[in-house]
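Q: If you're matching them up, the sequences are chains A and B in order. Everything in the first sequence is counted per my numbering, starting at 1 for the first residue and increasing by one. Everything in the second sequence is counted per my numbering, starting at 1 for the first residue and increasing by one.
It should be emphasised that the hints constitute simulated quantities derived from the structure, not laboratory data. Please note that the accuracy of each hint is not assured.
One copy or any two copies: either way a pair holds, since identical chains are not told apart in the list.
To be verified - Think about it this way: if two alpha-carbon atoms lie no more than 27 angstroms apart in a straight line, the pair counts; the simulated DSS-like pairs of lysine-lysine are: (1) Lys13 - Lys193; (2) Lys446 - Lys104; (3) Lys407 - Lys215; (4) Lys104 - Lys407; (5) Lys239 - Lys13; (6) Lys128 - Lys446; (7) Lys163 - Lys215.
As a plain string of letters, each chain reads:
2 protein chains.
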Amino acid sequence: MSERIRNSILASKLMSAEQAAEIIRDGMVVGMSGFTGAGYPKVVPAALAARIGEAHGRGDRFSLNVLTGASTAPELDGELARVDGIGFRLPFNTDPTMRAKINKGEAEYMDVHLGHVAQQAWSGFYGKMDVAVIEVTTILEDGRLVPSTSIGNNKTWLDIADKVIIEVNSQQPLGLDGMHDIYFGTALPPHRKPILLTAPGDRIGEPYLRVDPAKVVAVVESNAPDRLGHFTPPDAISKKIAGHLVEFFRHEIRHGRLPPDLLPLQSGVGNVANAVLSGLREGGFTGLTSFTEVIQDGMLELLSDDTITIASATALSLSPEAVQEFVDRIDHYRSRVLLRPQEISNHAELIRRLGCLGINGMVEGDLYGNINSTHVAGTSIINGIGGSGDFARNGSLSCFVTPSVAKGGAISCIVPMVSHVDHTEHDVAILVTEQGLADLRGLSPKQRARTIIEHCAHPDYRPMLQDYFQRALQDSRGKHTPHLLGEALSWHQRFLETGSMRA
Amino acid sequence: MSERIRNSILASKLMSAEQAAEIIRDGMVVGMSGFTGAGYPKVVPAALAARIGEAHGRGDRFSLNVLTGASTAPELDGELARVDGIGFRLPFNTDPTMRAKINKGEAEYMDVHLGHVAQQAWSGFYGKMDVAVIEVTTILEDGRLVPSTSIGNNKTWLDIADKVIIEVNSQQPLGLDGMHDIYFGTALPPHRKPILLTAPGDRIGEPYLRVDPAKVVAVVESNAPDRLGHFTPPDAISKKIAGHLVEFFRHEIRHGRLPPDLLPLQSGVGNVANAVLSGLREGGFTGLTSFTEVIQDGMLELLSDDTITIASATALSLSPEAVQEFVDRIDHYRSRVLLRPQEISNHAELIRRLGCLGINGMVEGDLYGNINSTHVAGTSIINGIGGSGDFARNGSLSCFVTPSVAKGGAISCIVPMVSHVDHTEHDVAILVTEQGLADLRGLSPKQRARTIIEHCAHPDYRPMLQDYFQRALQDSRGKHTPHLLGEALSWHQRFLETGSMRA
């Protein structure tokens, strides 16, 4: 037995990725590990893709329903999508090959709140799960599993799948051991109990995943890092957005509406999120906490000097450089990082109790504060809603951020009516672009419109928005949420026809 | 002192409604009691309206921000709206006079999840509250208050208002004493603790509201019933909708996805909701529970014979006949009815834990399962989102129901794209019309569209929907959520222009 596979029963199931892939057959529902490009299986999906490609070469049907935690990487979604191996996918995807298949109508995709996936799968919304493929760091003597860089839905997949394939990845740091907190107290109603977590750093579970050894049909070794890109420092636009938000937080603290150490931060992924974190650090904030989905480089930096003292998430998605820093100072980070199942990191009960400050990116927002987080021009999915809805709905302050324009100014990210709604007017408190911040709390739709145009719209589009709003005020049948229905989506239509929203 | 005003300090503040109304001045933020036409103040609003009318007659400004639990009655919203006394209103309204003002653009309205109002008010989203006007049944010797037929946001208004006016309504049944459960454990983050309720009938609080006597500036006597209409028995269409839903519940029970006594029911108001409850009773269900917002006649009927054994809500909105039944058998109902603050009845944590079955009406739904609960043709508000979002998002099964057509068939309630989104594709599991039930669980957008057209659309509109969907499949830029943006809202536009959605 190797250092990483210490249980003899499971060690006896060691086989190649190709052998393991043979367990998976056409039409199966397969749950895989992986969240924000971290902790996904590295070798079975490729072997599976090869099998599928061969089957298709013979003219055989071979298509899977693939469920994950969230996004994976080219080795999983990319490989499987390339051979048309995924017929149905949920709950989140960022892989370009997979995305293209979905938007061509060649694969079906369901976009689910990340905090809802486990309970829905468990309740049978997605059918019986045939096989789970889960990456781990180590198999312990007693058969328990040390998770790798993400937990996602792994606990649930291990529970509900008929068969389990375990990938043991020898590149995942052994130092991860002890950083996970797997809560085994969830249940389906009517058997649910309160989840007794009251601070982001509370430990409520155990560090290891459990699996019924009888269900494990294969153990496969892998040796590859999570394929995560290098960190890009925030650009000028992102820094401006961050600046507005940090200024707003200061303002709220001054007025006693936020504590000096804020409330547990949830922050989406990407450049703006990183800029906000940097901005908090530069702004002299300290002793902050985070209750979020993913720890990226930006947050690790804040953890390095205790700007953030505790970060709870379900995935650790670090660049190669940050992985090195993480490993080098593992004892520092072990007491500051907690990885949980995504049903816990994104749980309505906990987000509501902690009063998380949700900061999420968006594709576009409209005059009335409705947010599109997922679709280009209403029809093509980009990634998915992810956990933004879990936090926007149940947190105490829901902030959405975006540059005011995209594609060199051809697209206004503030439009008369969003082409797809992921977050409704009821769920959006703060809207920020590099132009400024619109505080929508306590405002009616028309008041929101005026504030958003004034503070968030790009100057190039402000007169067009003003014009639309004024004419809508004049001619709309109802004047609670004034709209010209024949024109509300015309900006998107114009973009599709001319490549620009400009009149 | 009267039987109903037993505290000497508060008794000393007894005055007329007219005197009390003088405490309220232009520009004030006023929190009033009232939820679904139950437990609203009966006499101060009218006296206030008279003052406002006089002020306007003199050319003086007099406009209030009025916050309630939910809807009130003509004596409150109607009277105040008639004299243009409400400049800003939240979080819900059903009064026709008030609605007309809002839709003419003469009053601002903010539509808020009913479960979010208390925390947002407390957090300062709506500004400082100047005065609260709260109806109660009795003032006890020690100054605590026996609530009347609704609790709504009364606890919060009593906490945060600078001044308090209490209306003691001698028509509210004394038997209500002991039926309320006021939870005093809520807090703003980071001070929140788990709320230890695990079943709809759990008592976690006290039967009485508390108020600082020093803040009470007036006690006013009233003597009028809640003005609630007579009960209308379910019509044929509603019965069909109910039939589909009851059949679905049976199907889920057979497959082990729902327990035989279901899960705590949340049911919106109105004819369809009542039909569903009747349908459950006729279908032989028994021992059910309800964790909902409002108890109407339909639910009282089920409580009368233990079809439902416990009902938790924030309001008791009964017809005059049902009030009589309630009073006649008060001991029966006292052990079966619990009234809570709406921050508890609609609390994310509790709805999630209990796994409520949410059954809510809608204005229209679209091919992809997005729901409009609030707006006519995207611009005129009807009532508001109420608590539907609290339950649709955080419950375990989110059902939306509507007749397939409205206005004698001139409107299809299934449209290509809804004109306003209150519940997104992520939050809708089951869609029901009298035509049938669409089970959207685990379906991609295109799969949802096919199911909704087949099962829910009215036959008169089915070919039009099919035609739109087919052309969208063909011509849509992205084929994840196929749409023709230039045509997506054309059905509404046609309705506005011709009075019908028919081509």
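Q: Each of the hints needs a verdict: does it hold here or not?
A: Hints versus structure:
1. Lys13 - Lys193: neither (37 angstroms within a copy, 45 angstroms between copies)
2. Lys446 - Lys104: between (38 angstroms within a copy, 12 angstroms between copies)
3. Lys407 - Lys215: Neither, since 50 angstroms and 57 angstroms both go past 27 angstroms.
4. Lys104 - Lys407: within (22 angstroms within a copy, 38 angstroms between copies)
5. Lys239 - Lys13: Classified as neither: same-chain Cα gap 51 angstroms, cross-chain 57 angstroms, threshold 27 angstroms.
6. Lys128 - Lys446: Close across copies (22 angstroms), not inside one copy (47 angstroms); limit 27 angstroms.
7. Lys163 - Lys215: Classified as within; 5 angstroms inside a copy, 65 angstroms across copies.
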